[in-house]
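Knowing the structure of chain A, use the given hints to seat chain B on it.
Chains A and B, in that order, are what the protein sequence lines are. Going by our numbering, the first sequence opens with residue 15, and the numbers climb by one from there. Going by our numbering, the second sequence opens with residue 72, and the numbers climb by one from there.
One should not assume that every hint holds.
Covered by chain A, according to a simulated footprint, are these stretches of chain B (three or more residues, beta-carbon under 8 Å) [said to hold, decoys possible]:
1) 119-125
2) 141-152
3) 200-211
4) 292-304
5) 314-326
One-sided excerpt, in silico: chain B residues whose CB lies under 8 Å from chain A [said to hold, decoys possible]:
6) 74
7) 138
8) 230
If you're looking for bench data, these hints aren't it; they were derived computationally from the structure. Keep in mind it's a predicted model, so treat the numbers as computed, not measured. Using N, Cα and C, we set each Cβ at its ideal position, and we do this for glycine too.
The residues making up each chain are set out below.
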Amino acid sequence: MGWKLTESAFNDLIVKLKADYTILGPKRFARQGRFSDTDLIRYDEIESLDEIVWNEKSTFSPKEMVFPITQTIFYFADEKFLEPKLEENKLLIFLRPCDINGIRRLDTIYLKNGPEPDSYYAHLRERVRFAMMECTEGFDTCFCVSMKSNTTSDYDMAVRLGDDEVLVEVKNDDFTRYFRPDLPRAEFTPGFVPENTIKVAVPDVDEIPAGIFNHDMWNEYKSRCIACGRCNTTCITCSCHTTTDIFYDDNLRAGERRRTWACCHVDGFTDMAGGISFRKDNGSRMRFKVLHKIYDYHKRFGEHMCVGCGRCDDNCPEYISYSGCINRLNQVIQETVS
Amino acid sequence: MNENPMMPTPHRVIKIGLETDLESTFRIEVDTPPVMGQFYMVSIPKIGEMPISISGIGQGWIDMTIRNVGKVSQAVHFLNEKSMLFLRGPYGNGFPVDEFKGRHLVIAAGGSGIAPVRPLVEHYYRNPDEVDKLDLLFGFKTPDDILFRQDIECWKGRFDTILTVDDACGIWEGECVGLITEYVKNIKLSEYDKMEIVIVGPPVMIKFTAAEFIKRGVSEERIIVSMERRMSCGLGKCGHCKIGGYYICLDGPVFRYNEAVKLVD
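Isolated chain A, as found in the complex (with noise of 0.2 Å):
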């Protein structure tokens, strides 16, 4: 079911769902980005149509309204664990193909490795549907199509902003009760990234060669990475978290486990008590989470981790590219295999 509207009729429709919904999408946030003079779009509440970000791509994934960047999940008070008080609002939230193809992957993740769903993932995650923003594009950094994630039927509504008007196809029957009945109907289908300037050629091996895990394409990244994690943080599908226990300054009794975004690439990850850790170097680390996002997940699951969404190129402050790394990783791995 498609409509054609304009601009103030689509913020009379926010109006209305924001009586059920949380709207969440891409937002400007003036001055706020890395550099003097640059802004930061992050995904926040959204009030109208004007607040949505359609002409540039989020600094940051959408990952942090489904998977929160740090997250109570136990109340101490002496040894009683209390589960927070649980959200029940709904959240809508504007994003486009690549980013929901990617909360697929934190799905698979939370919802489907090993046999116990997570409860407080699964809780939020119901409760979220997805207005698709319709991308014909990308970005300059944008590989989607590549890793197959330019694509997606998995969308509530899809929305195409034109010139003077708004296109929405609203494929969840829940959602054509806000929209009034004199508004003009029109046939939507949303289309999708047919070609990127960017190309990745993902290793189509059944197994890693043994010599590529020391090979000397890694050294490189030892000395160009800082371990910032900033590639990690602005992904869409990296879905590490650690949990750490704190109690209050001014009652020991009481405290609180939280688990956090943690990233594979920032010193500690791998740190066990007693002195041992692995992947020492920043290269190594590298090679770990290359071959995790187009590799090691795949054959678990059956799919790339990695989406192409080209923010880990986007923020990386050492310039590295990723996807530079995965063409080279194919090269070697060609160059190995004959």
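Just chain B, lined up with the frame of chain A:
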């Protein structure tokens, strides 16, 4: 909310036995016995949570031998008998004891790696007919680091046992001094397809001990190792223990070495 797999349950500490200056064995009440080789996530509220392997299994209890080296393990050492400890689990696959039946089993453990194999040795001590033969090879850094002294004395009476220390420190009265790898050659092996070798210890010890057995003709398929990694959840979500396509908490911690050797950190 659905059932919360992160929610631990309280368990009473029945007995605390001092092993060394750093290690103690905590006997903890549990209802259902775990599989040998599995582990629990052990919590001290407001301090943290850590994965600990099981060093003994009995009727209504388990033992955990914990080294006082981290934030949580230090807090555990402040507990008394009758204190409550919080557990989730058991997690992981455990040792493939069915596949050990009728085989010549060698258990090689280094340092605190002896903890997860202690239930295995105890099991065969009580049921010696389950295996064709059991040989034990244990190594510790110094005589002061030796764990389960009394048990080892007991086991010696029934199984061929080599106990070595890296450094005799002038106080060692045993026969063997040197790394565990130096004593692999002293073990009399059976036909290779009748052997099962269990190796547990620090990563370097596993690597070089396995290499010694392989040098003697044992294939990687006949070697079983138990791996240790940082873990935050034990449920395949936090990502800390992932190596290659495996999660140590879900697919391990016990692996056949032909698989484990391919896992590069």
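Hint-by-hint comparison with the structure:
For the stretch 119-125 of chain B, the assignment as covered by chain A holds, since 3 residues bring a beta-carbon within under 8 Å of that chain's beta-carbons and 3 suffice. Only residues whose beta carbon comes within less than 8 Å of a beta carbon in chain A count, and the stretch 141-152 of chain B has 4; three or more means the coverage holds. Figure legend: the stretch 200-211 of chain B, annotated as covered by chain A; annotation inconsistent (0 residues with Cβ-Cβ distances under 8 Å, at least 3 required). Figure legend: the stretch 292-304 of chain B, annotated as covered by chain A; annotation consistent (5 residues with Cβ-Cβ distances under 8 Å, at least 3 required).
Three residues within the 8 Å Cβ limit are the bar, and the stretch 314-326 of chain B against chain A gives 5, so the coverage statement holds. Look at residue 74 (chain B): its Cβ gets to within about 7 Å of chain A, closer than 8 Å, so that hint holds up. Evaluation of the residue 138 (chain B) hint against chain A yields a held restraint, the C-beta minimum of about 7 Å falling below 8 Å. A distance limit of 8 Å between C-beta atoms decides the matter here; for residue 230 (chain B) the minimum to chain A is near 29 Å, and the interface restraint is violated.
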